[in-house]
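Residue strings, one per chain:
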Amino acid sequence: MPSATLLGQALISGVLAGGMYGLLALGLSLSWGLLRLVNLSHFALAFLAAYLTYELGTTYHVAPWWAAAMIVPVMFLIGIAQHWLFDKFKVNELASLLITFSFAVILEVAIQLYWTADYRRFETHYSTMSIKAGPFYIPVLELALCMVAGVLAWGTWLWLRKTYVGKALRAAAEDADIAAAYGVDHKKLAYLLSGMGAAYAAIAGTFIALIATLAPTQIWAWLGVVFAVVIIGRLGNPLGALLAGMLIGASESIAMAVFEPAWAPVVSFSVLIAILLWDPEWL
Amino acid sequence: MNDRMGAWRRRHVLGGFIGLAALGAPAILRAAPSGQPVKVGGTLSLTGFLAQTAVIHKIAAEIMIEDINSRNGFLGRPVEYVLLDDQSKPDVARSLYEKLITVDKVDLIMGPYATAPILAAMGVAQRYGKVMIQSSMGIPNLQTYDMAFPATPFGPEPDKTYPNVILDAMASLPTPPKSMVIVTSKFPSAQFMAKGMRIEAEKRGVKVPLYLEYEAGNRDFGAIAARVKEANADFLWVGSLGLESNQLLEALRKLDYTPKTSFHLYPAPGPLALSPDGNLVWCSTFLEPDEPFMSRPGMKKIAELYKERATKANLPYAIIDAQAAGMVAAWQILEAGVNGAKTLEDKQIAAWLKKNVVTTVYGPTKFDGLYNHGEPAQLIRQVQDKQWKVVWPKQFVAPGVKLIPT
Amino acid sequence: MADLLSVENLSAGYGRAVVLSDVAFRLGEGEALAVLGRNGVGKTTLLDTLVGVTRRFTGSIALGGREVGTLAPETRAGLGVGWVPQERNIFRSLSVQENLTAVARPGPWTLDRVFRLFPRLKERRQQSGASLSGGEQQMLAIGRALATNPRLLLLDEPTEGLAPIIVQELLAALTRLLREEKLAAIIVEQHAQKILPITDRALILERGRIVHQSDSAALLADPMPLERFLGVTGR
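Residue numbers (the UniProt record's numbering), protein chains in the order written: chain D, 1 to 283; chain F, 1 to 406; chain V, 1 to 235.
By construction, these hints were calculated from the structure, which means they are not laboratory data. Honestly, I wouldn't trust all of these hints.
[To be verified] BS3-like cross-link-like pairs, simulated, lysine-lysine; straight-line CA separation at most 27 Å:
no., chain 1, residue 1, chain 2, residue 2
1, V, K122, D, K162
2, F, K394, F, K195
3, F, K260, F, K229
4, F, K386, F, K229
5, F, K178, F, K402
6, F, K342, F, K354
7, D, K132, F, K229
8, F, K300, F, K366
9, F, K260, D, K132
Just so it is clear, the structure is predicted and the values come from calculations on it, not from any experiment.
Bound-form chain D, shown alone (with noise of 0.2 Å):
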């Protein structure tokens, strides 16, 4: 049987970790729910903003906040850019699938003969900073993620529920054709939120930069357990993802300390099959 200090520390690794999750899951869930196109492209314009950040930190060696506030605003335009194609070629939900996932491949593609197919790695010192609090330690970094992501989801949360343009958001999720109706302009809105979409990618890029280790193939690692998370979060709510975004990290970081490492990745899944099928009410 594992220690207390084991679990406590796996718990507390799994938690932040899961924050990643979170903030990945937080832009796509938002364009599946709420505009009804599964963006794969969330992806790799998440490590296309890492790749950024490693450029601007490794050859011209700025700050890795200062990378992201000159991406973030790049990729909200790219967003927007993508969003246009959507509109243009009244794409669905199907069709979107299949065409960000030929974005994701062009952007791969775009990477490795820029960056090359090798591992990069952006070395910092706040990577291996941590806090020590009784007998655990606290990663600084993934720490500073998850608040980024907890104030992120709370602000989207809020953002969704109290402004006029939040809800009608909302309204148009359900039922565009009524709620244009009344007036909601959802086209506009749309673009705004696809904007938005790639701006939290671009957060979560600057951090994947950070975190983890570059390869053009990595764009793949993350999709399945964000998918997982993004379902469990429930489509469209953004305190959802993030929380079903540490559960997923901490489900798996627990099973790594008790039972095999090599369980993790059957762990995200397995979760989301048990909640689909206990389907409570908040799902």
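Following the hints, put chains F and V in place on chain D, whose structure we already have.
This is chains F and V only, laid out in the frame that chain D set:
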């Protein structure tokens, strides 16, 4: 206006297709001697998850073809490498080798990189009776085809021999480690070695209190690190690929824990050597650009060329190591086999290789043992001042270098 | 007085099917119009065409003198077309209050005023749209249309399928809207007797064409056309 836009669009789409076709077309690399070129067909995983290492093999192969053609080619004819991209997929490798042999009618073949594509290609080679030299299969007993030859000296049973090399090195330390934690990827060649390590360690009285396997592509090492820290053994053995070692060591440092001594199986060499966590860690190797290896014939020039090309290709680690050297050795063996047997007939080349000793960058290489393997020569290197130095066994250690205990 | 709504030569339908042909009528400011007819004669299609969710083939729709027939539904809504669809189509995932505020536009119809008209909605303001009864959903659908502060309210069978006691409550609210507030409205109904008393004028549709137009009071006084086209007696 509409028509002009249409034409413009069509032209661009067409341009795109031509570009794609060019990407997909075989990269033909040719040079000097005279006469009809000898076509050697092969695939590498130029895209997909193995791409980061395949590019190293591609550079090494290009250097070797120029090198061979600057001498006498194959039997006085120039050598042409018909290289296709197997996309890191064994089934693609299988059909491409089929195509190379039946459609492109290549004279000879060269093996791909990594165990799975190698096994796929080996099946095709066996069906058509082609000699296949491969540089990177870490599980020798899978090489069951009698005309397949290994270029890298794993020896027939590396899971038994190499753990003992590590245990010998451990025993040479001032305070020999008495316990060992083994953490390994489930990637077959790593898992194979980890299992052997556990058995051999226990045989020699080194306790293994913790043995963990993680899935290839594991994202978070936090929980694994917590278990390694809790087990707190004298020695950490990591069956890693790519950047997994960096990730694990970083996760350990976040827990304020540095393993006393650690060994890493197949990590990406550059990032580990340069990482602040990498100082004095051990790793497997077959060769480093140092003595006694640099005195082997042709090695200096190849090492220089490699550094130049790899830098130009924007590779972060531009120093020749076992990956690139494996491909170099593979071409040296093929060259020796063709020119030694004086024929392009696969059967005769194979027969010649089994009877003779070929001198490659790995030294004198024989193919007379189990699974066509010769003597094992897997070594240990250590990061010293952000550089890899061979530190064990002693006969391969450069003058002035020694294993630094931690 | 200038017409609020002027419809000329209108034909419309879904896909290729023509449901309405050559429809023409006018509606003044503050007037209420009852649209009567049997099932499937095009009553709902007429409202849908005014909202902009059907396919219009020919004809014009002028709202306050401005042609709106070519405009998108969201633009028409912005110009003052408020719609209460037959299916109610409230946003089930939004709360009652969110249903009202998500589409609200500034004007005399504030949230408070909608709640005064339908006190039940105020009681249930935090509940989700999905949890409402049929009558409450209808109130919410009307309240939601009012919250957009329309110049013209379009009601599609507002009492359909509701319990008599709820129908009474709704009709009382509608009477207040049309008679006291003088809100211009078009009400589609099958049961003429319910709405003729609270409307100014009425038209009867038969196979997509207008077959009768008159004052509501005249139709109440002489129910012959009702008997002829609706098959009902003016009980």
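(request) Tell me, in ascending order, the numbers of any earlier hints that this structure violates. (result) none
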